[in-house]
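Listed in order, the protein sequences are those of chains A and B.
Numbering-wise (the numbering used here), the first sequence opens with residue 1 and increments by one.
Numbering-wise (the numbering used here), the second sequence opens with residue 1001 and increments by one.
Fair warning: there could be bad hints in the mix.
Here are the simulated lysine-lysine pairs, DSSO-like style, with alpha carbons at most 30 angstroms apart [claimed, not checked]:
1. Lys1224/B with Lys142/A
2. Lys1199/B with Lys133/A
3. Lys1062/B with Lys1224/B
4. Lys1244/B with Lys1062/B
If you're looking for bench data, these hints aren't it; they were derived computationally from the structure.
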Amino acid sequence: MRTFYAVATATIAVPLLAVAQEAARDITREMGADTATSVSQGLDRTGLHRNTERVRRGQHAPSLLEAPQGETSNVKKLSKSQRRQLQRERDLLLKDRTAAMDAAATATGASNRANRVYSTSEQRTEDVAAARKNAKREWDAKWGQQLQSIDRAITQGSEGGKRARFHAPSLINPK
Amino acid sequence: MALSYFAVRNVQRTFVCVLFLPGLGVQIATSELADKGSYAKAMSEGQSRLEASYRKADSADKKADQATEICKSKDRASEIELRRVNEEQKKLRDEARALADEALEYFRSAETLDPDNAEAVFFQGLALMQLQNYCSAINKIQLARKALYRNPKEPAETTFALGAALVGSSNVGSPKFEEGKKFLVDYIAQADGSPNRNKMFPNYDKATQIYKAAVAQPADLLTKYQEKNREPNHAACPLPISGKTELPFAAFILSAIGYNDNVITLGRGQSLPPGTPQKASLYNESTFGLGRDFSSSHSSSLSDTTGWLSDGLSLKYLFTSDTFFDLPDSDRLLHTFVGGYQWAFTPNAGGLINVSDQLLYITKSPASNIFTAQHALVLDFNARWKSLLSYYLIRTDSLTQVTPLDNPDGFTHRIEMAQIWVVRQDQWDFSPILTLTGQYAHEWDQPTGVAGQFQREELLGKIEYKLFHARDRCSFIRSVTTSASELWQTDRYSHAAFTLPDSGNLVTRSDSFNQLVFAMSIAMWYDDYMQNIGVPDGNRLEAIVQYQYTTRDSNIEADAYNQNRFFASLKLNF
Chain A
1 MRTFYAVATA
11 TIAVPLLAVA
21 QEAARDITRE
31 MGADTATSVS
41 QGLDRTGLHR
51 NTERVRRGQH
61 APSLLEAPQG
71 ETSNVKKLSK
81 SQRRQLQRER
91 DLLLKDRTAA
101 MDAAATATGA
111 SNRANRVYST
121 SEQRTEDVAA
131 ARKNAKREWD
141 AKWGQQLQSI
151 DRAITQGSEG
161 GKRARFHAPS
171 LINPK
Chain B
1001 MALSYFAVRN
1011 VQRTFVCVLF
1021 LPGLGVQIAT
1031 SELADKGSYA
1041 KAMSEGQSRL
1051 EASYRKADSA
1061 DKKADQATEI
1071 CKSKDRASEI
1081 ELRRVNEEQK
1091 KLRDEARALA
1101 DEALEYFRSA
1111 ETLDPDNAEA
1121 VFFQGLALMQ
1131 LQNYCSAINK
1141 IQLARKALYR
1151 NPKEPAETTF
1161 ALGAALVGSS
1171 NVGSPKFEEG
1181 KKFLVDYIAQ
1191 ADGSPNRNKM
1201 FPNYDKATQI
1211 YKAAVAQPAD
1221 LLTKYQEKNR
1231 EPNHAACPLP
1241 ISGKTELPFA
1251 AFILSAIGYN
1261 DNVITLGRGQ
1271 SLPPGTPQKA
1281 SLYNESTFGL
1291 GRDFSSSHSS
1301 SLSDTTGWLS
1311 DGLSLKYLFT
1321 SDTFFDLPDS
1331 DRLLHTFVGG
1341 YQWAFTPNAG
1351 GLINVSDQLL
1361 YITKSPASNI
1371 FTAQHALVLD
1381 FNARWKSLLS
1391 YYLIRTDSLT
1401 QVTPLDNPDG
1411 FTHRIEMAQI
1421 WVVRQDQWDF
1431 SPILTLTGQY
1441 AHEWDQPTGV
1451 AGQFQREELL
1461 GKIEYKLFHA
1471 RDRCSFIRSV
1481 TTSASELWQT
1491 DRYSHAAFTL
1501 PDSGNLVTRS
1511 DSFNQLVFAM
1521 SIAMWYDDYM
1531 QNIGVPDGNR
1541 LEAIVQYQYT
1551 TRDSNIEADA
1561 YNQNRFFASL
1571 KLNF
């Protein structure tokens, strides 16, 4: 009999206590912190359901200045063989320029000796430097544009459809 | 004699004035020269810092290009290299930012030295742009223009700067975006009409590129959206580098004032328990939250867009307290710890594990501990449909003394299916405007003691509508969102435990629970730090109001109750 009453009491009491446990979950829901659901009621004010409740939205549109979507260049990216070819042409041109400058320097020395012009070592150095400079200028006048266009092709080709980068207006000298 | 005294005095006075005033003039002139010198020095220092910042930013851009190239190969070794390059990029951007900060300070001090000179104001605008503080930059540039600042060597530089700042701080669909484009067009037109374009309009190429990018933005956003629609789980490669934040985690404080007309869930028509003066009370709810999301990605041949799929780890802690002014015995505190990890198997399917532990105190005494583990299969069919199939294992433990027979502690199992559908999207940026959510769940428990076992069927329906969202960084109101939801629960207890008064028969308890919630939130005050830490609208402040009506019907009269609950809250993110 005693056992019966104990069980009966427990059977009545347990639903109440079990409800007390359910009340604990109800309380967490009221406090905006129900973790036993994927979807919050009302608005997800604590952010607990951000990973479950929200559809992955499209990317936040980036600022055009931070990730500018500049016009894709018409220049295609160079292949390795194309780049190697351009590099070879560039090296040949540079070699030719160096040779022209060296030849001008040598000719200046020989000319000085032939003319028996008395000159100090400083003057001779100056003469040679001036000759090299002149030779470089003459060479640039003939072949400079070709060298520049090769440089440009190499640079643009490696950038391919490189996006624009923002630069603020150039700075002026302070008053 | 008196006359001569005064005459002498006058002469002396005049003599002193003649000596002193020029001296004062010299002093003023010297001081002006010194100020001009200090001004020039401050401007020069600021400009050199700003130039250095541009160079650092250029180097960071080159690292970004390098990272993009690395992304194209998708092997393990390249992931390590990518991480290294991204770390270098971040370091360079931080250095660029620090230099721009220093430049800004120099320009500010220059302004104090020569307040009438708008040049310092304009350069503050340039420094603020470099710091991506576009709203303040726009204000400064507009002030300089209003003061008719004009560099004779580059007459249109303020036009370019303002156009770039407006376009940079807003998105397509915003009037400011269109205004920015007009300024850029104006700059380009002036340059085209100038015989000395290269010298006087050095940003001609940049203006053209930015303008073309602005014109192309709708198409770019559509392309990005179409990629996301096809492969919702794909990750951008390289992953965007998060900007500077105030703290290494997101935190918030929420404080609400509310009214609950039935705090103790007293049954309909029932008398108040002894010692309980009333059932209604005003209350304060305060919440403190901390959290951090870690994004990562892994290479996958299943992704056709970037070859990378996104994963994420999330950690959160919440402390919530409800204080009832008229019913202090109902005061409660709740600690919540949550950790979650999700990973993508395919571009459309992924897994999710969420683990949480909650410690509930009632009137400062520990009452319950609830441990929850959620395992979910997440299906993102496209950018508008999402389904979750979840299994929860919930362990509840009472922290008060119970005897073994009446121990209600135990496990609850829950199977849940949730469906989320974005019915309507924004026409420009494709963000959700109208979202419908449906959720069904079935629960059953296994208590330790003699059972009050129950089975529960649950249905939840929710509508969320975003009335407004800002299209530029400078608007104070970021978004206005409303929602309405309804929850139905039906509980059937397994064991007959109650005696009907009329018949004396034992009955099992069964309840029907219904809860309606209406809520509205207004997100305000854009802050880059909030955007960088992952607050969805980048807002510092949020006002939330909510009304909730609950009704429970039960075959046990004492357990049937109604409850109205209202609260208004303010949330501060930091």
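Structure-based check of all given hints:
no. : hint                     : verdict
1   : Lys1224/B with Lys142/A  : 49 angstroms, violated
2   : Lys1199/B with Lys133/A  : 28 angstroms, holds
3   : Lys1062/B with Lys1224/B : 23 angstroms, holds
4   : Lys1244/B with Lys1062/B : 20 angstroms, holds
Checked against the numbered hints above, the structure breaks only hint 1 and satisfies the rest.
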